[in-house]
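Protein sequences appear in the order of chains A and B.
Residue numbering for the first sequence is 1 to 311, as defined by the working numbering.
Residue numbering for the second sequence is 1 to 266, as defined by the working numbering.
Accuracy of the hints is not assured; some may be wrong.
[Said to hold, decoys possible] Using 27 Å as the maximum straight-line C-alpha spacing, the simulated BS3-like pairs for lysine-lysine come out as follows:
hint	chain 1	residue 1	chain 2	residue 2
1	A	Lys26	B	Lys260
2	A	Lys253	A	Lys243
3	A	Lys243	A	Lys286
4	B	Lys260	A	Lys142
5	A	Lys286	B	Lys260
6	A	Lys286	A	Lys253
Just so you know, the hints here were simulated from the structure itself, not pulled from any lab data.
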Amino acid sequence: MSTHDPALVDDPTVDVRDLSVWFGPKVALTELTCSFGAGVTGLLGPNGAGKTTLMRAVVGLLPPNLGTVRVAGRDPRADRSVHTLMAMVPEDEAVPEQLTARQFVEYVAALHGITDRRVAAAVLERVDLTSAADRRLGGFSKGMRQRAKIAAALTADPQVLVLDEPLNGADPVQRAHLIALFHGLGDDGRTVIVSSHVLHEVERMAERVIVILQGRLAAAGGRRAIRDAMADRPQRMLVRTPKARRLAAGLLKLEQVAAVSVDGNDVTIATTRWRDLALALPSMAKRIDARLLEVRPLDDSLESLFKELVR
Amino acid sequence: MFGYALRACVPMKRRLGLGALCLAALGFGLLSHTIGGDRSHAFAQVASAALFPLVLPLAGLVIGDAVLGAEVRAGTFHFTWLSPVRTLTIAIGRWAAGTLVVGVALGPSFFAAALIAGSPRSAGAASLGAITGGAAYVALFIAIGVLVRRAAVVSLAVVFLGERLLGGVLTGIAQLSPMWEGRAVFTGLAPTVHTFSSVLPPGLPPPGSLQGPFPPQTVTVHIQTFHRAGIPDGWGAVVRLAIITIVALFVATRRLRVIKLAGSTD
Numbered sequence: 001m002s003t004h005d006p007a008l009v010d011d012p013t014v015d016v017r018d019l020s021v022w023f024g025p026k027v028a029l030t031e032l033t034c035s036f037g038a039g040v041t042g043l044l045g046p047n048g049a050g051k052t053t054l055m056r057a058v059v060g061l062l063p064p065n066l067g068t069v070r071v072a073g074r075d076p077r078a079d080r081s082v083h084t085l086m087a088m089v090p091e092d093e094a095v096p097e098q099l100t101a102r103q104f105v106e107y108v109a110a111l112h113g114i115t116d117r118r119v120a121a122a123v124l125e126r127v128d129l130t131s132a133a134d135r136r137l138g139g140f141s142k143g144m145r146q147r148a149k150i151a152a153a154l155t156a157d158p159q160v161l162v163l164d165e166p167l168n169g170a171d172p173v174q175r176a177h178l179i180a181l182f183h184g185l186g187d188d189g190r191t192v193i194v195s196s197h198v199l200h201e202v203e204r205m206a207e208r209v210i211v212i213l214q215g216r217l218a219a220a221g222g223r224r225a226i227r228d229a230m231a232d233r234p235q236r237m238l239v240r241t242p243k244a245r246r247l248a249a250g251l252l253k254l255e256q257v258a259a260v261s262v263d264g265n266d267v268t269i270a271t272t273r274w275r276d277l278a279l280a281l282p283s284m285a286k287r288i289d290a291r292l293l294e295v296r297p298l299d300d301s302l303e304s305l306f307k308e309l310v311r
Numbered sequence: 001m002f003g004y005a006l007r008a009c010v011p012m013k014r015r016l017g018l019g020a021l022c023l024a025a026l027g028f029g030l031l032s033h034t035i036g037g038d039r040s041h042a043f044a045q046v047a048s049a050a051l052f053p054l055v056l057p058l059a060g061l062v063i064g065d066a067v068l069g070a071e072v073r074a075g076t077f078h079f080t081w082l083s084p085v086r087t088l089t090i091a092i093g094r095w096a097a098g099t100l101v102v103g104v105a106l107g108p109s110f111f112a113a114a115l116i117a118g119s120p121r122s123a124g125a126a127s128l129g130a131i132t133g134g135a136a137y138v139a140l141f142i143a144i145g146v147l148v149r150r151a152a153v154v155s156l157a158v159v160f161l162g163e164r165l166l167g168g169v170l171t172g173i174a175q176l177s178p179m180w181e182g183r184a185v186f187t188g189l190a191p192t193v194h195t196f197s198s199v200l201p202p203g204l205p206p207p208g209s210l211q212g213p214f215p216p217q218t219v220t221v222h223i224q225t226f227h228r229a230g231i232p233d234g235w236g237a238v239v240r241l242a243i244i245t246i247v248a249l250f251v252a253t254r255r256l257r258v259i260k261l262a263g264s265t266d
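My request is simple: use the sequences and hints to build the entire structure.
Okay, structure coming up:
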C-alpha cells in the first residue's frame, strides 16, 4: 500500500475502498477511499457531509452500495465477531431512558460476555460519571448521555473506537477530560476515529485529519497541513461603523484587503489574510476616528472553508 | 438480553396500556352478564367477539412492538446490534421477554374474565389461548418491527385489515392468524364444546340448520358456532401458533442480519 496518499495509512485497522452509500435518490458517500490505523484520526466536514454515514458503514450499521469496508480484515456486515474489536458512540441522543447509567453499561458489558461489575464501575469512572451512575439516563443532559455512551463503548476494551461528535453537549471541563481520554486511547495503539464539524475541536483531538465534503474525500493529512490549506482561503468580515464609507475607502488601500462593499453602516471586507487585517483594522479606525460597533466573521460556519478546499 | 428487554423496553406508557387492556378483559367478562342464557355460552360470545379479536392483538402489539421495533425506531437498538451476540439470540431473547410480559398480563386476565363471567370451566382454555396467541403475536410484531419502518401502522393494518377483515372471510388467512388460532385454542379446549360433541347423536344435521327448542343439555350447541371450518381447534391450534411463532422469529433473525440502522442525523 502506498503511503504517499495521505488518505491511506500503513498497516490499517480500518480499510475503506471506493465506498458509495446512497439513500434512495440521495447520495451520501461517493467512491470514498481512506484508511485508519493506530492513533486518533479526525473526520472533519460540515453537517450533511457524510461523516456519520461513513462511520455507520465502518461499524456495519449501514451496508455499502458499492465498495468495501474491512475492519481487521473482516467485513463488519457479514462477520459479527468483529464487534468484539470495535465499538461506536453514535451522535444520536437516544439512550434506553429506563435504565440507569450503570445498568446500561452493565448491559453492554454483558453483550460482550463481561459479567464482572467492576468493569462497568471502572469505565464510568473513566468518563467521570460515577456520581451519576445510579441515575436514570432519561434524566441525563446531552453531555452526560454522550459520556454514558462512551463508557458503554469502552467496556469491551475495543481496538477500534468510532466516535460520532462525542463532544456534543459537553462542558469545557468535560471536553478537556474526554479529549485527554481519546489521546490516551490513541497512544495505547487503538484506532480512534472521531468526527466533528468544528475545526478547532478536531485539531485538539487528532493528529491526522480526513476532510469530507458532499460525500467525497476533500482532503487528508496531518492537522497542520489541513489548517495551512484552510488559512489561505478568502474570508469575509463584517464591520459596523457610523463612518462606513470613510473606513471602506481607507481599507481599500491595505494590501491584505481583496474587496470591500458598503451597505449603510455595514462594511463587508474580503481578505485572504484575516489575521493581518484584524491587526490593521483598529489602527485604521483610530486614524479616521471611526467607532467600531461590531466586527465579526461572516464565514465562521466552515462551509465556505470546506468548499474552498475542494475547489 | 431477556433482562434488558424487561427493564428497558417496556416503558410506563406501555405498561399502563397493557394494564388498561387487562382491565378491559375483566370488563368484558362482566359485560357477558348482559347476555342471557348459559354462562359458558355468554362468555364464549364475549371471548370470540372481544377478548381474542381485540384485547389479545392490542396487547401483543403494545408489547411485541416495544421489545424490538420501538427500539429500532428510537435509535437505541444500535447498542445491542453492535455486539457479537447472534441475531437469533437477540430475537429469541426479546421474544421471551415480551411473551413473559404478555403471558403474565393476559393469562390471569382472561382467566379472571371467565370467572367473572360465571364460566370457570372455560377459564383455563381462555388463559391458554391468550398466552399462546400472545406469544405468536409478540413474535409477529417483532418481525414486523424489523421489516418495516412504520411498524405500528403496519401492525394495526395486519390485525384489523388482514386478520379481522380478510381473515374473517378467507380461511387461508385465518390459518396464519394468531387471533383466529388463539380463539381456536379456546373454542377447542373449552369443556362445553366436548359436552356438546358427546351429547349430540350421530347423524344430526349441521348446527346452523338445527331448529329449536332443544333439550337443556344441548345448550352448548351455541358454542359449536364459534368453531371455524378449516382451522384446527384446541391443541392443533396450539401447534399452529407455535409454527407461526417459529416462522416469525426466523424471519426476524434473518432480517436482523441485514438490517440498515441509519441515524436521524447527517
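Practice item. Determine which of the earlier numbered hints do not hold for this structure and return their numbers in increasing order. Key: The structure conflicts with hint 5 only, although it agrees with all the remaining ones.
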